[in-house]
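The residues making up each chain are set out below.
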Amino acid sequence: MSTPLKFYQVGSFAVGNRLLGDEQLSVQSRSDRTNSLTSGHRACQGCGEALGARYVMDAAMAATDGKVIAVNATGCLEVFSTPYPETSWRLPWMHSLFGNAAPVATGVAFALKAQGRSDIRVVAQGGDGGTVDIGFGPLSGMFERNDDVLYVCYDNEAYMNTGVQRSGATPPAARTNTTHAVGENPGASFTQGKNLPKIAMAHGIPYVATASVSDLHDLEEKVTKAMSMHGARYLHVLVPCPLGWGTKSEETIKLARLATESGLFPIYEAENGVITETKKIRKQVPVDEYLQIQKRFAHLFGPKGNPEIVKAIQAIADRNIAEYELLGERQ
Amino acid sequence: MLQQIEGSKAVAETIAACMPDVVCAYPISPQTHIVEALDELTRLGKIGNCQFVNVESEFSAMSVAIGASATGARTYTATASQGLLFMVEPVYNASGLGLPIVMTVANRAIGSPINIWNDQSDSMSQRDSGWIQLYAQDNQSAADLHILAFRLAEELSLPVMVCMDGFILTHAMEEIDVAEKELVTKYLPKFTPRQVLDPVDPVSIGAMVGPEAFTEVKYLGHFKQLKALEIIPELSSEFEEVFGRPAAGPDNYKGLVTKYHLEDAEVVLVALGSVLGTIKDAVDNHRKNGVKVGAMGITSFRPFPLDEVRKSLKHAQKIVVVERAFAPGIGGIVSSNIRTALSGIDIKINTVVAGLGGRPITLKSISELVDRALYGTLPDFSFMDLDVELVERELERNLLTRRSGPMAENLLKDLGTR
Amino acid sequence: MFQIRIHGRGGQGVVTAAELLSVAAFQDKQHAQAFPSFGSERTGAPVVSFCRISVDPIRLREPVLEPDAILIQDPTLLHSIDVFAGAKSDGYMLINTTKSFADLGIEEFVANRPKERNLIVPASDIAMKHVGRPMPNAALLGGFAAATQKVTLESVVAAIEERFPAKIAAGNVAAAIEAYEFVMEELKEVSHVATN
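Residue numbers (the working numbering), protein chains in the order written: chain A, 1 to 331; chain B, 1001 to 1418; chain C, 2001 to 2196.
If you are wondering where the hints come from, they were derived from the structure by calculation, not from laboratory data. Values in this document were obtained by computation on a predicted structure and should not be read as measured data. We treat Cβ as the ideally placed atom computed from N, Cα and C, and that holds for glycine. The reader is advised that the hints may include incorrect statements.
Here are the simulated distance ranges between beta carbons [what the hints assert, rightly or not]: (1) C:Ala2045 with A:Glu144: 47 to 53 Å; (2) A:Glu323 with B:Ser1157: 47 to 53 Å; (3) C:Glu2185 with A:Glu144: 58 to 64 Å; (4) B:Arg1194 with A:Lys283: 52 to 58 Å; (5) A:Gly273 with B:Ser1157: 57 to 63 Å; (6) A:Glu323 with B:Lys1413: 52 to 58 Å; (7) A:Val274 with B:Asp1198: 34 to 40 Å; (8) A:Asn177 with B:Leu1395: 44 to 50 Å.
Covered stretches of chain B (chain A as the covering partner; in silico rule of three or more C-beta atoms under 8 Å from a C-beta of chain A) [stated by the list, open to error]: (9) 1021-1034; (10) 1050-1060; (11) 1068-1081; (12) 1084-1097; (13) 1207-1218.
Please construct the entire structure, taking both the sequences and the accompanying hints into account.
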């Protein structure tokens, strides 16, 4: 007996749902979506960042009647979207430097304020390197001043644009080209890490959220919500990188889901420094399931593997699950 | 209105009269009084709907300026010294993007050793950043040049630095005719940007440019600088028509150079900035004694007015360039530009580095310089009022002891026990 | 050109004094230039400020090396820094003190100078009386106007009034006037002694 044909997947996290009613359609499913980051860009197959940015920008455009100015940090997104003389951006877009997306966006916001253009909104975006490392100070300044900017970090956990080097967001034990999987402590070190959503919350800004490309409806909703608010807002999106992570292009969504379902990447929202909503784990998975399919963690598995390190990573997941109360009834 | 006012305050009020949309700043001595005054003027509603943004670093100050300017806002910031160095990356970015930002550099030394006093190492380090650089000889021109700077920047879509000697000008209170807003409005039209982030007509700004067009983009930056050499004289004469005084101070010629008794001068002193005042006094003193001395000031250091400099200096017999910065390992910075202007003409050029880190350039030292130039006893490259003994003691210490300790602190100790 | 150097300590309004003097000179239709010694001094540290007054526009940008007048706002500086550096033999000197030159230990310095140019002004006391704080600057400026006649008292008063809010200005104006009168008396006594 053959599997019954399904035209749509209600309640799933799948992309599309184009056959749903208008009111239930995601921004990306609508025929009038803006395609802010349109086709023809040079991202790798299965690029989580390209997917995330497209959803973020279209949702922001939908929320503002198409009046968004985007500012971009140097990085993969900037490079693959604007190979001179082409550009994939169908909105006013500016790139200045690696570490200054936040203050450039601040400048745009203040210029608009001076001009009385309150209808136009500003979205800044950067990768994890541009956000948690080189652009960190300026971003903190933007938070502290509560500038009217939504800053989106597409976190693929390393400097992918320059060829996969460790960033302040690289997870423990991960192999990068500056944290080789050799020697006594292979891969990135077990430091406390730099938890930028938490740091953003500590600034008491109006809105902080984490999201993942495995749940695009949730991502769109968060962007929509963020755009309904004013002041400094921060969105941290996990975007797997097939090249840097050593994963199959078709497994980007799966990896993003495993990161959240294992508890390694908690999904939540916070307003004015207080968590208001946490996405419960649907079906908890051990971290092995997530790590095993990534070449950057290959040294942890197999005959020469290191179960102790895997255990330590599991402990991180368990700590997240406890801290953010990730288990329990889903709403 | 003519008033007895601090240089910084006059600059701030002039900026206010230019009606910027966004002013961003991070405090650094000796720029502080300018931005403090602008904050107050903004809050008092004296600058329309201007937004004053307190940022957390100079890197962000210039970045905010970039974002604001690209959104069509008339944008201003001010910095100095370490602050200018801290924003170097966006400084180059602003000129590369062709954004007409105006920035005051309240000239101050660069450490180490840390030093808050005046010299021009900071702006000199940015001479190749693609920004136009105008140097003020006094506070009247410091204030006025900002008006011209906005006009020039917006005309060319290129950023302009107005350099004024820190403390010596910024903190000096003297009579300054602060431009009336009505006149400024007459001179400085509304900003019409060449490029602007606008949802109605979306553009991408700041794309990666490969070998196929990078040279051309850079060439156009150079071309605009050369174009400025034509435009500055036009804007200067228009300034004089509107305001009744030259934008670049007394004895200035076309906004490019200052010429003081050059007509028959055998010895010409060349300088940038406020030291020109002292030099002019020295020239007068020597002239009284029948010595044919003249002075030339360079207002527009970038673009460098090669033709004007050549015309002004070609009849001199000896040229002494007084520089408030230098290039370690070779010598003069301004001097080498002067040499380029005079290529093919055989005139003796001496470089004297003076006034580093706030050391006063005295009338006496300048006068001695003229004498030594006349008698031919001035070395090709020298440091004015160098404490040779202090230097020699440290060199000796270096010879005698491997672990001779931190240099600057050694010198201070020697000074203290002298 | 008349050149003034003012010595005091951070917090005593040394820079303000030079600036007020320049404003007074400007009011008197003269050219003037005031500037500080450009330090990063904190409260209590020795501070120097300068002022030039001239009938011609001033272009010179060096510190005042040979002052025509030296104003000393804090006599405790006398033996810690060389406040008399470059002093002209016939230059003016005004010290904020209630002590005698002998008590201050500068008898030798004043000995060979014209008496009417060595002047004592109890500026802190006068300030305490009118301003409620020992801010000697305004009083010394009143004294300076009296001693040198390089600026008018009216202009000193106008400069103070322009600079400060009415209440603070009033106290400082009163201090400047009292010091002006004090020095005029002092000068009378000096000339009286001289003629007798």
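Hints, one by one, checked against the model:
no. : hint                                : verdict
1   : C:Ala2045 with A:Glu144: 47 to 53 Å : violated, 33 Å
2   : A:Glu323 with B:Ser1157: 47 to 53 Å : holds, 52 Å
3   : C:Glu2185 with A:Glu144: 58 to 64 Å : holds, 59 Å
4   : B:Arg1194 with A:Lys283: 52 to 58 Å : holds, 56 Å
5   : A:Gly273 with B:Ser1157: 57 to 63 Å : violated, 42 Å
6   : A:Glu323 with B:Lys1413: 52 to 58 Å : holds, 55 Å
7   : A:Val274 with B:Asp1198: 34 to 40 Å : holds, 37 Å
8   : A:Asn177 with B:Leu1395: 44 to 50 Å : holds, 46 Å
9   : 1021-1034                           : holds (count 3)
10  : 1050-1060                           : holds (count 9)
11  : 1068-1081                           : holds (count 7)
12  : 1084-1097                           : holds (count 4)
13  : 1207-1218                           : holds (count 6)
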